[in-house]
Amino acid sequence: MADKVLMKGNEAIAEAAIKAGCRHYFGYPITPQTEVAAYMAKRMPKIGGTFLQAESEIAAINMVYGVASAGLRVMTSSSSPGISLKGEGISYLAGADLPALVVNVQRGGPGLGGIQPSQSDYFQSTRGGGHGDYHMIVLAPSSVQEMAEMTVKGFELADKYRMTAMVLADGTMGQMMEPVDLNFEVAPAPEKPWATTGTEMKRKHNIVNSLSLVPEELEKLNIARFERYELVKRNETMYEEYMMDDADIAIAAFGIAARVSKNAVNEARKRGIKAGLIRPITLWPFPDAPFKKAATHVKQFISVELNMGQMIEDVRLASECKVPVTLCNRVGGMIPSPEQVLDAIVKASK
Amino acid sequence: MVVYDKPHALLDVPLHYCPGCLHGVVHKLVAEVIDELGIEGKTIGIAPVGCSVMAYDYFACDMIEAAHGRAPAVATGVKRADPSKVVFTYQGDGDLASIGMAETVHAAARNENITVIFINNAIYGMTGGQMAPTSLVGQVTQTSPYGRDPKLCGYPIRVCELLSELEGPEYLERVTVNSIPHIRAAKTAIKKAFTNQIEGNGFSLIEVVSSCPTNWGMTPQNALKWIEEKMLPYYPLGVYKDRSNGEVKK
Amino acid sequence: MAKLTFRTDNCKGCGLCVDVCPKKVLALATDKINKRGHHPIEAARPDDCIGCGSCAIMCPDFIIKVER
Chain A
12 MADKVLMKGN EAIAEAAIKA GCRHYFGYPI TPQTEVAAYM AKRMPKIGGT FLQAESEIAA
72 INMVYGVASA GLRVMTSSSS PGISLKGEGI SYLAGADLPA LVVNVQRGGP GLGGIQPSQS
132 DYFQSTRGGG HGDYHMIVLA PSSVQEMAEM TVKGFELADK YRMTAMVLAD GTMGQMMEPV
192 DLNFEVAPAP EKPWATTGTE MKRKHNIVNS LSLVPEELEK LNIARFERYE LVKRNETMYE
252 EYMMDDADIA IAAFGIAARV SKNAVNEARK RGIKAGLIRP ITLWPFPDAP FKKAATHVKQ
312 FISVELNMGQ MIEDVRLASE CKVPVTLCNR VGGMIPSPEQ VLDAIVKASK
Chain B
4 MVVYDKPHAL LDVPLHYCPG CLHGVVHKLV AEVIDELGIE GKTIGIAPVG CSVMAYDYFA
64 CDMIEAAHGR APAVATGVKR ADPSKVVFTY QGDGDLASIG MAETVHAAAR NENITVIFIN
124 NAIYGMTGGQ MAPTSLVGQV TQTSPYGRDP KLCGYPIRVC ELLSELEGPE YLERVTVNSI
184 PHIRAAKTAI KKAFTNQIEG NGFSLIEVVS SCPTNWGMTP QNALKWIEEK MLPYYPLGVY
244 KDRSNGEVKK
Chain C
499 MAKLTFRTDN CKGCGLCVDV CPKKVLALAT DKINKRGHHP IEAARPDDCI GCGSCAIMCP
559 DFIIKVER
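So the sequences go chain by chain: A, B and C.
Throughout the first sequence, residue numbering follows our numbering, covering 12 to 361 in sequence.
Throughout the second sequence, residue numbering follows our numbering, covering 4 to 253 in sequence.
Throughout the third sequence, residue numbering follows our numbering, covering 499 to 566 in sequence.
The hints are simulated quantities; they were obtained by calculation from the structure and are not laboratory data.
Not one of these hints is a red herring.
Lysine-lysine pairs mimicking PhoX-like chemistry, simulated, CA-CA at most 20 Å apart:
hint, chain 1, residue 1, chain 2, residue 2
1, A, LYS213, B, LYS88
2, B, LYS9, B, LYS194
3, B, LYS88, A, LYS203
4, A, LYS361, A, LYS281
5, A, LYS285, A, LYS273
6, B, LYS88, A, LYS215
7, A, LYS285, A, LYS310
8, C, LYS521, C, LYS501
9, A, LYS30, A, LYS53
10, A, LYS303, A, LYS244
11, A, LYS310, A, LYS273
12, C, LYS501, C, LYS522
13, A, LYS303, A, LYS285
14, A, LYS213, B, LYS45
15, B, LYS88, B, LYS45
16, B, LYS9, A, LYS215
17, A, LYS19, A, LYS53
18, A, LYS333, A, LYS361
19, C, LYS563, B, LYS9
20, A, LYS171, A, LYS244
21, A, LYS273, A, LYS358
22, B, LYS9, C, LYS501
23, B, LYS45, A, LYS203
24, A, LYS215, B, LYS45
With the sequences and hints as input, model every part of the structure.
Listed below in structure tokens is the structure:
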């Protein structure tokens, strides 16, 4: 029997990161993710790691850039307004092809917004977030167990593809407590011959850099990066299908919205409505396949989101607009209730 | 006997700097110090955004190009990743004293065990001669075409003096490279800044008062004189903080 | 007897070395143009060189090697 511990989502992220071999954490306090930093502040000194409260999110992400350049597993975490500040650094990480993990425990926006849960950074994270052509691998956990697992997965994928991976959670996921099994396998970090660890006078100098002033060369770098992204799409896309085989109505939801939606699907089934759920686990790459498949037999998709309708665009694209896609949402820190989702399912079934 | 040759820590490549630009002189001093301390193999340099953005192509040690102003934060990460490495940043006045002021001040306040080489030439060179945080009062630049007016844009920042008020930093010195004696003194200061790091003493910053003949609109020779006549009266040379002997200049 | 050698093609003709030479050994070769399009530095009076190294210390482009 596996040993389970009762943990907050934010703490599960921190402990999982340590299990994944991360020994460097840089952060800046912001609700509702501060427990990650607090946990790291307590644990890192005991295991020979580094916890540093940076002077800003901008500094924190650049410290991450430094450790990533040195070839070590490194992370930062923040919440929405802080992620905007990290956007610059994330773009540079992408430009320099550095692996790192960024956690976003989302809160409502725009601006200072609120401190309650939200999914309104979907566009920001799945489209890159900073300037330039790039993507992050975006992982959307919907349980505390997955908060831990996605953190480990994030480090592994970041290293494998030399990309930034983001765990995109929300205030509820960060704050909720559930039993977690932390006994999982972690793939060791690969060799990083490109890292700036000092030449030891044995090799030509390594350069970590995102500048390329010759347009022909910059074009090549961008194209090569997107070829790598294609591999990510092919190999790493993750999703969960729930009661989709015979579904007439398909919910699309991730994170906390997927948990709520699962209850609504169960309730709808009790009432004889064939509802199902597609839960993207990677938001980038977005799982097009299950939506394309579902579009052949469902009569409507309902995108359940904690925002004004962001993932709905990807659902429309993935299903090639073959059937209507409607939105069921709450915003500003509000969460749709199972009843609200059920109402939407019932309405769609008529 | 070789009296002088290119230091090993600089690669044998042409520099992109304008004729008479003193970046090359400071590059040489940093490289000579790296050679003399025998630390090329374990040194990691951080290049800024600005004229010296491509310094990563010039130094033979491992190099990282940072976002504008963020070099001290990047250096913090590199140093924390492996404290046995020697980490230096090379930053201009826009990078260090404008957009990166927070990173500079906090790295100094933490007494981060890194070496910062700060080039103050009172202008943004790479973008074509705009006002810098260190541009002198009255100085004509592209963005202060009628001369820097303190009523509109305040006064130039004296970085060494500013940082010397902090408890954190180990060593702060302002030098210049407009003459042979000054270059020799600058090298001594840079060597101390690296030695401090190797000995674990903490944050050292060497401010090098430098020139920009192109954007100052003068010959390289006159630029050296302008340093002497205009820059140094506002930016006096000297040690501003040295914790090894408790020296804090007031 | 001191010896000067130059990475002539990297010279930008700034002339800073000319001014710091205590013996006025160096001059820009106004009859020559290097790969970069500058009049490069040359030893106009090599026999006067005392090998002090000042020119090389001043040169921003490390084109001068001084031996003694």
